[in-house]
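2 protein chains.
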Amino acid sequence: MTTKRIISAVLGIVAGLLVAVVFFADFNQASENASGDLKSKAEKVYVPYGELDEYYMMSSGGHSGQLFVYGIPSMRKIRTVPIFTPDPATGYGYSKETKEMLGGFTWGDFHHPAISETAGDYDGEFLFANDVGNNRVAAVDLSTFTTVDIMSLPNMGGPHAGVFVTENTEYIALPTRFARPLDNKYADLDKYEEEYKGVVSMTTFDKETKKFDLAYQIVLPPWSYDLSDAGKKMSGDWIVMTTYNSEFATTNLEINASQNDRDYIVLVNWKKLEEEVAAGNYHDVNGAKMIDPRDHKGAIYAVPVAKSPHGVDVTPDGTRYIAAGKLAPMMTVFSFEKTFEAIEKEDFTDEKFGIPVLSYESVMEREVDPPGALGPLHTQFDDKGNAYNTMFISSEIVKWNIETGEVIDRTPSYFSPGHAAAAEGDTVSPDGKWLVSLNKISKDNFLSVGPSHPESMDLIDISGEKMEHIMAVPVDPEPHYAQIVHRDKIKTVTVYEKDENRENSVWKQEDARVERKGDEVHVYGIAMRSRFIFDAQSDRPDAVTVKEGDRVFFHLTNIDLDQDITHGFGINEYDLNFEVQPGQTSTLEFVADKAGVYPIYCTNFCSALHQEMSGYLLVEPK
Amino acid sequence: MTTKRIISAVLGIVAGLLVAVVFFADFNQASENASGDLKSKAEKVYVPYGELDEYYMMSSGGHSGQLFVYGIPSMRKIRTVPIFTPDPATGYGYSKETKEMLGGFTWGDFHHPAISETAGDYDGEFLFANDVGNNRVAAVDLSTFTTVDIMSLPNMGGPHAGVFVTENTEYIALPTRFARPLDNKYADLDKYEEEYKGVVSMTTFDKETKKFDLAYQIVLPPWSYDLSDAGKKMSGDWIVMTTYNSEFATTNLEINASQNDRDYIVLVNWKKLEEEVAAGNYHDVNGAKMIDPRDHKGAIYAVPVAKSPHGVDVTPDGTRYIAAGKLAPMMTVFSFEKTFEAIEKEDFTDEKFGIPVLSYESVMEREVDPPGALGPLHTQFDDKGNAYNTMFISSEIVKWNIETGEVIDRTPSYFSPGHAAAAEGDTVSPDGKWLVSLNKISKDNFLSVGPSHPESMDLIDISGEKMEHIMAVPVDPEPHYAQIVHRDKIKTVTVYEKDENRENSVWKQEDARVERKGDEVHVYGIAMRSRFIFDAQSDRPDAVTVKEGDRVFFHLTNIDLDQDITHGFGINEYDLNFEVQPGQTSTLEFVADKAGVYPIYCTNFCSALHQEMSGYLLVEPK
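Chains U and A are the protein sequences, given in the same order.
The numbering used here applies: residue 1 is where the first sequence begins, and numbers increase by one.
The numbering used here applies: residue 1 is where the second sequence begins, and numbers increase by one.
Since the hints were made in silico from the structure, they are not lab data.
Any given hint could turn out to be false.
For lysine-lysine, the following DSSO-like pairs were computed, each having C-alpha atoms within a straight-line distance of at most 27 Å [what the hints assert, rightly or not]: (1) Lys191/A with Lys622/U; (2) Lys191/U with Lys547/A; (3) Lys211/A with Lys99/A; (4) Lys517/A with Lys491/A; (5) Lys345/A with Lys271/A; (6) Lys39/U with Lys39/A; (7) Lys185/U with Lys622/A; (8) Lys443/U with Lys547/A.
Let's have the full structure, built from the sequences with the hints guiding it.
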């Protein structure tokens, strides 16, 4: 090696070291910044003992059939509230009342929760849930976080596109996803265009009786209805729905339902249809008051939209509706003002199934197409006039200005976000504080639990100009949508009222009794710390003897009126379990079809002597 | 007011202000310290995106029947693994295989998880679960986090005191909680002492076939068996169990089972009994090989213990067993060495049901009685020779030295802790890093969800001399016990192997077919992004036509061999849903008892065209 070469080599090494030093300095700096960021993120989600989360997130549980309740910002899961699926942890689907409410079904597919609204704002009183699997709608009372009514919907094929409520909860709307023949008739798929229909259910809910009613249905072409939203303020009388499969494909929809460049948004004026129904202008179909657009003009319209849209969302001020393209890489902003003008002017380009089709150019305000952003599915809002879109394929959230279409920020989500939920995001006054991205794929984000991965959620701080990804959280399958409501709006009761006139209730130990009526045995019993009293007259008040084949009713009242003192009631080997909350009366009904001796015990840890809270069911052989 | 009085008053005010200033200065200082502590706590539990939790916590789900998997230190819930209760979110209890495994039962009461062990250390291969409700034991394969076997146990009345495994998983032991007549006979409660029995089930599990076997049972007096543990090292051949109700009370146990000052710990040498069984020295009772202590000497002993104990736990080195008093405010340390000596010397004070009762004074090493600490329930361990006890009544964790009995630290838990779980806490080598207190009452700790409160868990850092409470977390009802295992021990598979010889599997699209055998219709189908192929020969490969009354089998294979690509399969209005994981084949069996048209759809979001992944079941009317 020559001197020159040596010098070159040394210089090279020195230069390399300098580069390395600079690089490491930068790296350390970046690392310190990242570390500082992480501390700040950690503090943002940490809720110290003694404090409470600021928001409830009410998340659908998808095909679990249940509601998942989270606290935000901690992202701690607080509770699974059973809706469509039995839940032995709370006795739901085991007690007589809840078993009857489930009507023999064992699951549901809950996609879109909607909190009841007053003047377009969440009022925190009830939450509604759709069941895509078995065509039902349910209501959860948010004073007790219990399901209070479930109604089956005729003529439906999976009410995926619900539930969304009108701004004073006048209606809970559920459009169907899969077309089926009306009245559950059999018809071959060759007759799809003529015999299969899409149906929208317009249901009402009475807050006093806590019962649903099916007000009316709308029969529509056999397009697939995907998502919907209710108007607000100037658009308050309307609902909007996206459709796909305007091709009427009956097989291989992956390809065949993606042929047309445009599908439709369907607009419905629910107030006008309400008047039609009141005037008796409907047909009875399978017990439903059915509205047909071919008979009713002036209430139902269609707007062409980029192919196979997923979400359509009304802006907080009610002036626009925004479609997310799914198969088209853009969001389309439509103006309600322009829509109403086009309707007024009869600016129609076509008619389908009696439904006038409005001119796209006349009602469209803007197409927003961020470069490289693919698979927009759903739009949420903040308090500063911005929209947030989930991008399923490019795995990101895009923030943009509704007035100008300007893209303000983009942040990754992990991975493939479906919907997003913003704090008070579906109301007339979003809070602009937190956004949760509900992702469909989690890959390696969390400790592996085998082939069936958890879903994932990203908590994103949207209070600043730029979004900040704070935390990723795993979740059981499968949240599709959530609503985030401020804690001040939820007013719970923690102990049921002591109502001495309540049917089947027993409040005094000496009133606990067993009554036989033919082959029915009615036990009017008490659960209290730390014993059961079934029969005050017996030497063994916590034992009940019946005959094999008897129909047995345990009417049980929890007379412990203290917060958080739940008593369970399980019968060993009889596959039976239910619960009574403080002050609650509930009934378990079953046939004692197995002779023998079966321990009864409190299944919910209630006191220091919980283990001693037990008794026996003795079933004398025939 | 005199001048003197005025001066006094002013001085008093000044002094008061000084005190106030000093107080507030202190308060601010304390507040800043607290704030610093909170930052540090926040950082301890924050796991940034891209990193993983260090430990899995496998928690029982109580009467939910399921396993809850958490990450530690983040305390994020990763997954609900269904064991005893159907779970539509994963199709568990709907597919033919899992439905048969559940055997018609709809719930279980899962109290105590036990991870399989090799040489006294968690090996991370399987997890075992007891069902107090319906007398079963289950195994979860931790390579897939799925339940692989459930076995019903005869002669049992709620195997509460299990499951605990011996140090090489030779046995999974399950002692019963409620005495019942053997062989499910009927006997009046007046015959309790003669006819009712406590039974211990000794089950084995074959890791190759993944099946349980009931090796033998032990019949014991009708005491209630509450908790148990297996010995380690020098005590490896033994199991220990606590009892209550040595009074033989048959009613109002709250009072009647708390009369005696002492109940018993029962010690069983499982190895000796194994030899007896091998030699044919047992009676057949209801299909079980039953060992009776009246016939077998030298393997079963009783030790008196302070009244109504809950937990009994063997120290990591296997030298001692510690009973938690529940109704006596103390922990009792027993020496195995002294126990073996007493057995050797036949240092017996009594005999019950053929069981020699050892002298308390001879085998007891120490009583640990921290002042004011009430309701000890369970003991866990660290790597420095310390024990940690949950105190149900005084709501705290007490740390004390096993050798000296010295109480080292006490910290509150919120509220009423049952068990606690320490990192690797049941092994021969605990990690001494984290302790989770599993609490029974949460009161106002979290956002209210009505009368049915979440349970709560406290994460406590036990790496220092003093314990540090880090975070409180809500949880669904109701974890009773958990085990915390290091992530390095869990080896999962994320995609099932493509096994072309697997029964009913179909891997090529052209092989998808429908075969009719009498009134059985077998569909050999494929699920893939983003379509179903049931019948490659049909114009509509994603539609199946059957006749009303047919028995239908959908054998479905997911041929997407990519991580996290799950396909669901729901049939609208038919109350049916199941899933296939990547590479998995599974079967759904049902009777098509309703004529009409029923949409089939993928229930687990799988791809951008997931909504299009649908088809139809057409049921022709009879």
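Verification of the supplied hints:
1. The hinted pair formed by Lys191/A and Lys622/U meets the criterion: a straight-line CA distance of about 20 Å does not exceed 27 Å.
2. For the given pair, Lys191/U sits about 19 Å from Lys547/A by alpha-carbon distance, which is consistent with the 27 Å threshold.
3. Under the criterion of a C-alpha separation no larger than 27 Å, the hint pairing Lys211/A with Lys99/A is consistent with the structure, at around 16 Å.
4. Restraint check: the Cα-Cα separation between Lys517/A and Lys491/A comes to about 42 Å, which exceeds 27 Å; the hinted pair is violated.
5. Of the pairs offered as hints, the one joining Lys345/A and Lys271/A holds, with about 21 Å between alpha carbons and a cut-off of 27 Å not exceeded.
6. The straight-line distance between the Cα atoms of Lys39/U and Lys39/A is roughly 8 Å, inside the 27 Å bound, and the hint therefore holds.
7. With a C-alpha separation of about 13 Å, the suggested pair Lys185/U and Lys622/A falls inside the 27 Å cut-off, and the hint holds.
8. At most 27 Å may separate the alpha-carbon atoms for a hinted pair to count; Lys443/U and Lys547/A exceed this at roughly 41 Å.
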